[in-house]
Amino acid sequence: MQIQDAPPAGDRRNVKDRRTQSNLLYSSFRIGDTTFILNIHQVQEVLQALEMVTVPLSSGLVAGLINLRGEIVPTVNLRPVLGIHDALKETDNMNVVIYSPIGIFSLIVDEVHDILEVSPTMIQATPPSLPGYLKAITNGICKLSNSLLMVLDVEGVVRMIESHSQA
Amino acid sequence: MDNSPPSSDLLMFFEEATERLDEADRSLLHLEEAVIDGVGDASDYINVLFRAVHTIKGNAGIMDLSAVVEVAHVLETLMDKVRAGQITPDRKVLDLVFMGLDLLREMIIVVYQGGDEHPDTTVFLTEIQAVLSGHSGARKAEVKDIAGRFTGWEMPETGELIEALIELDNQQSELFRLVFPYRKADVAHPLTHPDFMSLNLFGYLIGWRWEGEDQLQLAFVAKLTLGEVEQIVPSNVVSCDAWPAAAIAPEAPAVIPVPVVAEASAQVPEAVLAVPVASAKPAEAKVSKLPSSEPMETSIRVAIPLVDKLLNLVGELVLNRNQILQHVRKLNDQSLMAPVQRLNLITTELQEAIMKTRLQPIRGVWDRFPRLVRDYCRSGDKSIELVMEGADTELDRSLLEVIRDPMTHILRNAMDHGLEPAGERVLAGKPAQGTIKLVAYQDGGQIIIEVHEDGRGFNLEKIHAKALNLGLYSAEVLGAMTETELMQLVFHPGFSTAEAISNISGRGVGMDVVKTNIERIGGSVEIFSSVGKGTMIKIRIPLTLAVLPALIVHAGKERFAIPQSELLEVVRTGDGLQRIEQLRESMVFRLRNTLIPVISLRAILGLAEPEGGEDERITNLVILHSGSQVFGLAVDEIGDTEEIVVKPLHQFLQAIHTYSGVTILGNGHACLILDIGGLLKLGNLSAANQIEESNKDAEVAGSVKGDVQQMLLCKIGGDHTYAIPLALVSRLEVFPPEALEYIGARRVIQYAGEILPVLDFESILGISSEVTDGQVHVVVVGVGERQIGLQVSEILDIIEDRLMVHPVHGADGILGAAVIGKHTTEILDVHNLIEQRYPDWFKTQNSAAKFGPKAILLVEDSSFFRGLLRSHLEGIGYHVVEAEDGEIGLTQLAANPIDIVLSDIEMPNMDGLAMVRRIRQNPQWKELPCIALTTRGSSEDRQLGVSAGFNSYLTKYDRQAVLETLASYEPGGMHYSEEVL
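Residue numbers (our numbering), protein chains in the order written: chain A, 1 to 167; chain B, 1 to 981.
Same shape as in the complex, but just chain B (with noise of 0.2 Å):
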């Protein structure tokens, strides 16, 4: 291809040339309605046809495309037969047709890109060589013609003499007379008498007469001349002379046939011709009476750019207009205001028009389906009625080039997947021919489209199992899907259910493309399916790209558009309303039954809080999806829809990925289009949902009291939910499986620069944590000051519920289990997991133990965290006494002996401050180590506590440093171990 752009007069060829394909294929279709259903008139659309490959060749000629000329010249010969009757159009004459309109086509478009190899023809030009030429007794009337002009001779009607016509009609072959004296009474067959064998090698004997009863006289044809014929005739010949063709008809000129046919056809049987075609009356009348398809020049050709052009400054004058509506409402000046007015209107009215130019009917990318239908048909043993509704509905053109693959493919898969072969649609009680319906019409800004089709309907069992096939989900998620969730898993890359892939579909490619197709010029597919009854898929595509409805949010004092087809919904969240999760420096949201992560939109673009100091607690969230990640972004407030005209950013303002690009709103000012991919990358969002870990302070210090828990509910080898205290979550990461290395039988991830253990529950709790959807999900827990990974299949969700933990006995590894939601969950315990997988890990603690049991006196009235740190205490070797609250505790002393106080500040009837003052009044107690075990950890809290008597001051759920501290209080001092690997 040389890169030259073409000439305008190729242009112009090419795009006149397509549209007389359009217009010919069209036609093509009717016509073959016609001629093999009998519906309508066929006449009409033969003359179209025709009229088209005319006006091609003619075209062509000009261009000087020879080999676009013949291919164009044979199909106007044919066109001109089967117009004047001479040939039927039977299946075979209208598949060389399509062969040869799709023929042009091809040869057009590589002349049009000016490329030089041009397509074969010499297969069509050969079939369709061997059609012209009747092989298939379809000129029988032609030869009839002919035959009827030897008057006075026999001629018995045989395929030779057929060839033998056409050779002769074609000037390919030459007539001889030639004259035996025989006897009429001695020749009975004279075309078969073994004296005239030699002349059946050389050419046909087509037929005799007897002139008196003892001459016969011969015609024959062969591709010879006189002399030669003389030479071969046997020698009793009387005499041998050629006999012009022309000579034995009345009529020279109707020998050779020309689309002079009216007397001609007149004669001909109507048994011979299948269809009422344009012989039956002249031609010329026929074609007066149609409906013109050129009308006179109602359209004119005008260049996109221009139409483009015209679209922008349209735009610009739209916003003009709303400027100055807002400046007139201010002044409210009467005089101004009618103008102003008028202003409005036309503007308005110019606007739809010039919108109006860039709209074509859908009738644009329909069109090829019939052909689509057709071809498959024939090729299949299926029979579809395609119905086509609103095909007149209007869309950008933009739209329509992108929507053209998708509806070919979601065509192609109706076909293919949706609709069965006859013969078990009859079994079905259906009938036998398939039906899909095209339907188009506009709603509101919006053009549907839908296509129906009335066969088998999705397989969700199929769906079900092609799922589970390509491990997509596990079978339990699947199990709980929704019927309209499972259609949609078709969506999914390379998901086909055909069983065999046809040469139409089923290559598992598709529906993945339509969709993101679709979703990129902001449409939406969605799927509706009954089984046996059939299939609707229904396309949402917008009326057009160039005006696009945006939701404008507040930030700060700054205002940003957000395109609506990336927005999924607004939430309000705050005060009585669910609330953002706040944890350290990341937030998420629960949106009904999935955590999405939430950016602030003023936090990300390092904007100033607005003034006047509003509540925080009250914010708008934006649900937006970017691809498959749905996320929340937080604004400080919702503005207005508005219909927005795209501009690019300036070039200095590239380099910032946030925004897509600016638009000028109603009042005059900019405003930038937000990026939502960018803002996705900004906030580091994009690989995996980041919890950071929990805020230690607050939050845990409310879920303590009454035993309100947080937990991380996950799901282990997929069949069991498990839950994970929250408040000893890091971070939550997604790695991909090759990340997973082996350190001898353990695995470890390099993570941040270093090297993370992770623990799998396989060789622990015999659960197997396999990669189920092609990534590995770990849950990073922080255990002191290291931390270790678990490697879970699914994260589901976090909840924060009052939870009735019940101790399960003989699960090393579990803490208990607790009713969350409607299931029994276990809660994993995490400090035994380690220990049971890297005994060294809190080796620290054992050396503890070393120096004989030490009794604690546990005072804390959470009874989920009593039982937890009981269990670890005394897990290594301590003896544990509890404690509900600061009472109990001093009556637990008096009455213990205990060496190490470990006590919460906040509890009923007497708290920690209370409870360690009263220890410090007992000369008894005066040394005894006490261990402030508390959520409360701002300095001042600190201070408090210390000085009320407490010799450490910890903050809860911080295992390490409890046993660290308590360590530390051992007459033997501290011992780390820092290789636990």
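So that you can see chain A by itself, here it is in the shape it has in the complex (with noise of 0.2 Å):
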């Protein structure tokens, strides 16, 4: 299922009602073989790939511009660092837009999945034997029966994003 923007107010009444008080809501998405999850009061929308323009001379994870109603959104790329270098194709890409301390951006995904009702409980610390440069964008995990979810940390990202771009 997707969102099309964040849930007005009353239907986040109403899911609230459903769920226990202490749960929480995320969005999740799929890059390559990776699914993360991530808070959807930090999502503002997620939209279909919209024509985007490359910056040349940029770090490899920020892909280009796109016009988002008049507002220019960078759109960052992830994929090289979970080690897919495939080139972006122009089209079959969705966007989740993501508030940041810096402002919005746009992070490309493959494929964006239901919203899920997770409990705190169930977000556990990073274990240590994950790949460092996993490490760097999550800041949790949530073990589900059947799949482990990668708690996005956006503020990991924009640091890797920054740290790339001095290189």
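These are computed hints drawn from the structure, not numbers from a lab.
Mixed in with the good hints, there may be bad ones.
Taking CB as the label site, the calculated pair distances span [unchecked claim]:
hint: 1; chain 1: B; residue 1: 312; chain 2: A; residue 2: 134; range: 37 to 43 Å
hint: 2; chain 1: A; residue 1: 110; chain 2: B; residue 2: 442; range: 52 to 58 Å
hint: 3; chain 1: B; residue 1: 316; chain 2: A; residue 2: 41; range: 24 to 30 Å
hint: 4; chain 1: A; residue 1: 42; chain 2: B; residue 2: 754; range: 52 to 58 Å
hint: 5; chain 1: B; residue 1: 330; chain 2: A; residue 2: 85; range: 48 to 54 Å
hint: 6; chain 1: A; residue 1: 41; chain 2: B; residue 2: 442; range: 46 to 52 Å
hint: 7; chain 1: B; residue 1: 10; chain 2: A; residue 2: 41; range: 39 to 45 Å
Positions of the beta carbon are idealized from the N, C-alpha and C atoms, including for glycine.
Build the complex from these two chains, which are given one at a time in their own frames, with help from the hints.
Pasting the structure below:
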């Protein structure tokens, strides 16, 4: 299921009624083989890929710029971090627009999954065995019966991009 | 200063007070004009001034700013008295008001900025009190008025009388009536009678009256009590009593002057009033007739951030509108068309209206100028009329702030340097009064501001001399400059032709800053001047900063915007047109008479070539400037110009300095705006124009055939132009003078981690290669494996021409002379020069010559090269036999004993390959060393040459290699010397 926008306040209250007080809502999406989850309050919206203008000389993680209703938003491609080096296709990418301390950016993902209701107790600290590149952009994991979800660390992503662009 | 923002009350007070002060300043200038020149009606201005000061006083009272209240109060009192005709608004009074207004402004700024150091008001207050108390007789009218009330009294009008009456008026003194028993016949002058000397010491005797024949009544004013007076009066006094001032007047209140002046001043003789002030008629009536300077609320105050936000939003709306328009055109849906057209119109109007909210008349900047001119005229010996046209021309408020200082500077310059003193003007047949005219008008998307002045005009000789003095250019460059070019020199930092530094201008800072500031906002400054007639400075600035015109260029698949302010011109190059010259890795382009470096946008951004294999030779060149650096940017395609709204780059991208921002084009796509300075840095062009080692293959081959030569022209020692064969040149570098170091008498520069020897021509050719423009220009020449620098004064050009090289006899280090352009230019023999200075440089070859002269057959069709090589070969002891082509070569070979053959490949009649095959066919010459010297350097060519029979295959012009190869065919083998320094 895809959400076209952050759910309006009314909807959110309904959802809240259904879940236990402490559970949180997470948006989930997949990049390559990895599924990430992110608190829905950190997601502005999900959108179909818009026409993107590439930025020559930018670090490999900033794929380009899109015009999001008059606001120019950088698109971030985390695939190289996850070891995927396929060239981006122009159309079949979904964008998750994420709030960050330095303004919104759009994350290119392969697929957007459902919104999940997760109890904070299910989220565990990142295990030390995780590869470094994943540890840098996650701040927890959520084990489900059939899958493992990584909690995306937005600030970690920002830090990673910034260190890349300085290099 | 504390850092907390001023409260909103304070902000409002500040804004209103500033406006009021501006208004007061204006009125005061008009008043001065009215009073001094008798133009216009002074009373209107006095009223405005009064009200302005009054309002400030009231507001300052509310804000509890007692110091401001005090100054405003005395100003108000003064204006009131002027209004009432009690004080004549002469120069002194007006100066005081100017001073007072300045003081108020200063104090208000201090308050606004949260400072606590109030300006010193004591001088002002003292002076204004003096005027208020009428030292100068300005209050004669009032004094007469009081004096008039002493009916039947004799009151000689003296300074003392006035002083006394004023003291009395201000209740500083008391009035006493003294009665003495004197007879009228005995006392002719009662006030100066010796008996009353003591009284005159303590106060003023101001008048007398004879009561009958034997009783003298005296009016005595003193700062004494009655008791004290009784002690000092002569003992023959009959009576002594205090005489309340009020008692002497029929109408008590009139003694203390109040603005009920109608009847009081009606008695005042006309002569006393220099101006027709309001007093002639009831003041109130006058006021009601005035066009109200405080119209009912037709404007509101809006915070600037709100206006900025509106502007941004409307910018977005415009972009959105553009996108909708594009889509609707594609859809071709008639039902949508009409509302969208309407949307289009409304958006455009909305945009214009919102733009207008940011516009302010240029008056805001000019308003201060009349005052500036006035003050200047008062302090100097010039009389200047300031004319302003188009003060209502509007431009963006942010631009107004930027042009304020440059305009002030230009005006000061005009007053100080431009206009002559009155005497000089009269001698030159001009009116004594100079005129400065400010003109502003809109021309398309630009605002033009002109400053005209009918002064002496620019003295080109002085500019010339100053430029020479500052070492900006050499005498002959200056000599060749047009008048316009010379005038532009005043924009150079540190340039001022003022003979004396005055307190107004002439400190040598200025015009360069003016230019920089104006250019920063995308404007330009030009000077037009004609000697003896005057000067006009023309400033062009864009209407607004928020939207800027930009040129869209394409590189690869991408599009980029270049701000038009950085753009000089667009040049199309390619087949049949002037080409970009490729010098190995770098490119240069000859733009009229200057060589400019070229960078390829596609290459610098690492973009792929556009699909479809376009014609490589045709390129569009965008000529840009960043600061003083002019360069060409090669792009694939030139697009449209668009009005773009600049948006800041996201933080993720700010580490890249190639872009200054981003915008959204009409088609809805984001588009990066190029940062020209950043591009320059990326292209590594900021330090110097680099010309990489020339492409020895194709370029030189083309140049050799038919004697077409490429030469680098440079100046050495200021006067002479010399040419250096370009093929020898590796790079052009510029160093600061301190980079030059000395090892013994030899110059070196640390360069790319190595020590680069630098040849100066002083010791060799006797030409001084002094540093003229503060930089050391070095032509880096590659000689074999090593490099050497030639220090020249200036790099002029690279030319490619069919040159007739004439030998020059008796000139060591000169290869020959050729006519380049219209001038005879000497071509430097770089090898000879190096040898003169560093005899060991070519030790290898010298050692070769030890084995006795060898005969070389030199087969070469280019006479120039033949000459060049011959001189080198003979210089190190070879005997040279020349041949122009293969056929002649074979003939010469048969006719002369030859040890080595050195041959070109491409030649008429018989080429080098054919010749060497013929040589090898002859058993006598089977072992004869044959060396190919060619520019055809590909491996196939090499293969072909070797299989034809050449022993060695060399690239033309690599002299070191040629000589070493020759040496290797010597019986003794090779001796290298690395230690040449």
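Outcome of the hint check:
1. Between residue 312 of chain B and residue 134 of chain A the Cβ separation comes to about 40 Å, which falls inside the hinted range of 37 to 43 Å.
2. Restraint check, residue 110 of chain A to residue 442 of chain B: a C-beta distance of roughly 55 Å satisfies the suggested window 52 to 58 Å.
3. Between residue 316 of chain B and residue 41 of chain A, the C-beta spacing of about 26 Å keeps the proposed range 24 to 30 Å intact.
4. The supplied range of 52 to 58 Å is met by residue 42 of chain A and residue 754 of chain B, whose beta-carbon atoms lie about 56 Å from each other.
5. The hinted window of 48 to 54 Å between residue 330 of chain B and residue 85 of chain A is violated, with their beta carbons roughly 37 Å apart.
6. About 51 Å separates the C-beta atoms of residue 41 of chain A and residue 442 of chain B, a value consistent with the hinted range of 46 to 52 Å.
7. Checking the proposed 39 to 45 Å range against residue 10 of chain B and residue 41 of chain A shows it holds: the Cβ atoms sit about 41 Å from each other.
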